[in-house]
Structure formats: C-alpha cells, structure tokens
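**Q** In case you want the letters, here they are:
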Amino acid sequence: MSDTIISAKNLDFYYGEAHALKNICLDIPEHNITALIGPSGCGKSTFLRTINRMNDLIEGTRVTGSLSYRGEEIYAPDRDVTKLRKSIGMVFQKPNPFPMSIYDNVAYGPRTHGIRAKARLDDIVEQSLRDAAIWDEVKDRLKKNALGLSGGQQQRLCIARALAIKPDVLLMDESTSALDPISTSKIEDLAMELKKDYTIVIVTHNMQQAVRISDKTAFFLLGELIEFGDTEKMFSQPTDKRTEDYITGRFG
Amino acid sequence: MKRKMYEIVGRILLYGCTGLTVGLLLFIIGYIIIMGVGGISWSFLTTSESVIKGTIGILPAIKNTLFVIVVSLLISLPLGVGAAVYLTEYAKNKRFVAAVEFASETLAGIPSIIYALVGVIIFCTALKLQKTLLAGSLTLVIMILPTIIRSTQESLKTVPQSYREGALGLGSGKWHMIRTVVLPSYVDGIVTGCILAVGRVIGESAVLMYTAGMSMAMQDFSIDRLSGASGATLTVALYHYAKENADFSTAFSIATVLLILTVIINFSAGFLGKKLKRS
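So the sequence lines, in the order shown, correspond to chains L and V.
Under this note's numbering, the first residue of the first sequence is numbered 1, with each subsequent residue one higher.
Under this note's numbering, the first residue of the second sequence is numbered 1, with each subsequent residue one higher.
Hints in this document: simulated from the structure, not taken from any laboratory.
Remember, it's a predicted structure, so these values are computed and weren't measured experimentally.
Mixed in with the good hints, there may be bad ones.
Said to hold, decoys possible - Restricting the straight-line Cα-Cα distance to at most 27 Å, the calculated cross-link-like pairs of lysine-lysine (BS3-like) are: (1) V:157 to V:277; (2) L:144 to V:274; (3) V:174 to L:94; (4) L:143 to V:274; (5) V:277 to L:94; (6) L:83 to V:274; (7) L:186 to L:9; (8) L:144 to V:92; (9) L:86 to V:174; (10) L:144 to V:157; (11) L:143 to V:275; (12) L:118 to V:275; (13) V:4 to L:139; (14) L:144 to V:277; (15) V:277 to L:143; (16) L:22 to L:241; (17) L:118 to V:277; (18) L:139 to V:275; (19) V:274 to L:118; (20) L:86 to V:92; (21) V:157 to L:94.
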C-alpha cells in the first residue's frame, strides 16, 4: 500500500451560492494513477482544480474543510501558491502551448523558477521532451513556433512543459478529450510510464480510459463522492447502485 | 429573376461605396502631392525660414514635430499600457473598471480644443511651463492616454485565458505571467495603439497652438533650454502658412511632408512590432 499524498477531509467548495463539492473525503495514494469520473457538472474537475488552487482564478469561490498535500494544508493562509503549483503540475483539457518556440515553451517553467544556465536548460528541455515521448518528433525544430504542431503533439508538449519543473503530482484535466485516438493512446501509455516517478490524477469522461490506465477510481455525482476504490474492483463489483448505473451507461 | 436583380443591385451599391471611398482618398493624396511636391527642395527641408533672404524652410517644424511625438509617446505609452494592464488583469471591482472604461471612451472622443484649455490652465499657467513644446507634449499625453488605454485593453482581452492558466499552472507569479506571456502575445495591440496615438499627435493643431506656440524659428532642445523652446509643429506651420500668409503652395508642401512622415512612422511601428514579436 502506497502512502497518501493528497488527502481531502470534509472538503466543501462553493462557487458563490452554488455548492459544488459536498463533504469530500478522499485519500490519493502516491505513485498511482487516480481517475476521477462522473457526469458533466459532478464536481470532478472542480476537485482537481482545488488541488493546485487553480480555482483561485475564479472570483467568488470559497473552500471549507481540509485538503492537504504531504500533510500540509493546501489552503493554509500562508501557503505559497507558486511553490505549490511547482510541485503540483497541471495539463489542461485543451492543449495550451504558449505562442513561442517549442524550446521556450518547455524552458518556461525552469526559467520562471530561476534556472538561467543554457546548458542546464538544454538538458532539462531534452529530458522533458523525451519523457513526454515527443523528442524524436520535434528535436529538429526546437526553435520553431509551438503553435505549428498538431493537437496531439501540442498536448504532449504541454506535458513536457509540466514535467520540466519536476513536479511531484501531475493533474490531467480531461487532457485527451480534444485528441484523436492515436494521440490519446500515446498519452495513456505516457501516463502509465510516468507513474513510476509521479503521482497522477486524471479527470476523464471516458470510462474505458479509466479502466485502461488507472489504479484507483473516484466516482462523483452532483458534488458528492459516491464511491472510491481500486479501479478493477469498482468496475467489476461496484458497491453503490448509482456507480453501477453510471459505469454501465444507464445515465451520464 | 427578381432575386437575381436584387443581388446585382446590392453588389453594385457595395462596389460603389468602396470605389467612392478609395477614389476620394486617392484623389486627396494625389492632389496634395501634385500641389506640394514642387515646393519641396533640400533647402526647404534643412533650413529655417528667413525673412531677410525671403526663403522658406521647415526644419524647425520637423524637429518640433518629432520632439512632440517622442516626448508624448515616451510618457503616455508606459502610463497607458500600465493602466490598461491594471484594469484588465488586476482590478477586482467590475464597476470601477466599467466606469474607467466609459470615462476613457468619452475622453477619447471629445474635441481636442477642450484639452487645449486644460493644458493652458494646468501646464502653461499652474505649472509655469508657459507656451512651450514641453507643455504642448504634456497636454497631448493627456489627450492620447484614453486612446492608448482603450486599444491596449481591447487587445489584452483577446489574449486567451488558457495562456494565463498555463503560466500560472507552472507556478508563475502574476506579474511574471503578464510580462512573459500576456504582453509578448499582444505586441500587435501596442503597435496599433502607437499608430493611432501618433496619428492624433501629428494631426493635432488646436492644442499645440495654445500650448506650444507658433514660432517658426529654430529651437534648442537641450535640457536646460527646454523651458524656452516654443514653436510650431508641421501641422501648426501648415495652418500658419495657409491662414496667416495665404501661402498655399508652402502649405501643400508641408502637407506632403506630413503624409510622408506618417507613412514612415506607421511602417516603422509595424516593422518594430514584428521584430519584437519574433524575439
């Protein structure tokens, strides 16, 4: 059994008046892939975005209860959010490379955190692109604009960009939903590879994807966590009727 | 059949509008150049007016124009871009932002003679700058600030939110994110704002007549003499020759120089923008 890395206890989240997460209790284990599933609007993305405090960008949100990363409160008043986000990287739903060269995209994070030496940056860029399984496709055009890449390549570039700051946890917010099947399978393989060194939390609408790659699955419905456990068990013998209805496609 | 006629008539009307507009524009440009180009000579561009020799030269006016453009842009660009960045990226109070936007839109549209009055009261009188190019430039700063703020704000709004999220998600601080991701991807907006602002500065006469003076003599722009530098820009000089001296051939020559100057400035702003974007 792996150690818990992210732990939610009685976590509630509000967008203004709307109660988006209700009393969530969830322990995410280290070096695992944890999938968050559930129908649209169930709160799975909201939960993901509380982990690196991306919800801070939205006005009028409020959090109560406890959410901790390696035992420290994520929402502590003196929490350095930039440091938190350095440890907890994120890959978004739509590929969002910056309008600069491939090299500068990957080097953006390290540069932000103070790495200036050219040789060091070169190493980080190459290693991150290799880890994201895109090095061979882009090594001859590192100075070209990243917006010229295909959607699948852009998303792997974004993964490389996230890996370049050596995060501890990688959050993936439906990161394959905008991609074709081949790119999707590349990114799934990549996630399986990366869990050796990282803890990965993915939000997905695709249940086959959750089955294929995740170790643990959490099922959300209307802001509540209905069921959480080993993926294999949840998809073969769900304990809650609502989980069964959802994974067998009766709603959603 | 009726439908077809309808289409044809519509198309003819649209062609007509375009043709008329472009035609009028070309006519004006052509007319000015034909009337003006004859009066332009090397000495016209490189000397100042001499009553004794009876020669006309516009070098002081050219220098004054460049001075006014450079000074007013140097001050208003950082101020305006800074204000726009604050309003779009930092300001939390939506009502405040809306009020400022409304105010700057209104200010961008009011007649420049009102700015002239403000300039006379604040810069020339209260701050004791008198009628100088410096006072004129400062008045123009106030005049073009709303234009720069609005155009900057509009282009900041077009920078995708996903760029901001991407940068913040990598642990970038807010200002770092703005400086490294938001501002570079909106260089075009700065350039457009600059061109609009320069256009207003070059075209301005009322403000400068009241705040910068109408002298056609050579001015000294060294820092310690700045308090005495007072003179006409090209546009004011144009007015001066056409209205006071009824010397229309000189006025047309100045107009031609103004046209060329505007083209040069707009092209170099565009060129600079492309350069900045690439680096």
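**Q** Does each hint hold? Answer for all of them.
**A** The hints, checked one at a time:
no. : hint           : result
1   : V:157 to V:277 : 18 Å, holds
2   : L:144 to V:274 : 16 Å, holds
3   : V:174 to L:94  : 21 Å, holds
4   : L:143 to V:274 : 17 Å, holds
5   : V:277 to L:94  : 24 Å, holds
6   : L:83 to V:274  : 35 Å, violated
7   : L:186 to L:9   : 34 Å, violated
8   : L:144 to V:92  : 37 Å, violated
9   : L:86 to V:174  : 14 Å, holds
10  : L:144 to V:157 : 26 Å, holds
11  : L:143 to V:275 : 16 Å, holds
12  : L:118 to V:275 : 23 Å, holds
13  : V:4 to L:139   : 57 Å, violated
14  : L:144 to V:277 : 14 Å, holds
15  : V:277 to L:143 : 14 Å, holds
16  : L:22 to L:241  : 19 Å, holds
17  : L:118 to V:277 : 22 Å, holds
18  : L:139 to V:275 : 25 Å, holds
19  : V:274 to L:118 : 26 Å, holds
20  : L:86 to V:92   : 26 Å, holds
21  : V:157 to L:94  : 19 Å, holds
When the structure is compared with the earlier hints, violations turn up for hints 6, 7, 8 and 13 and for no others.
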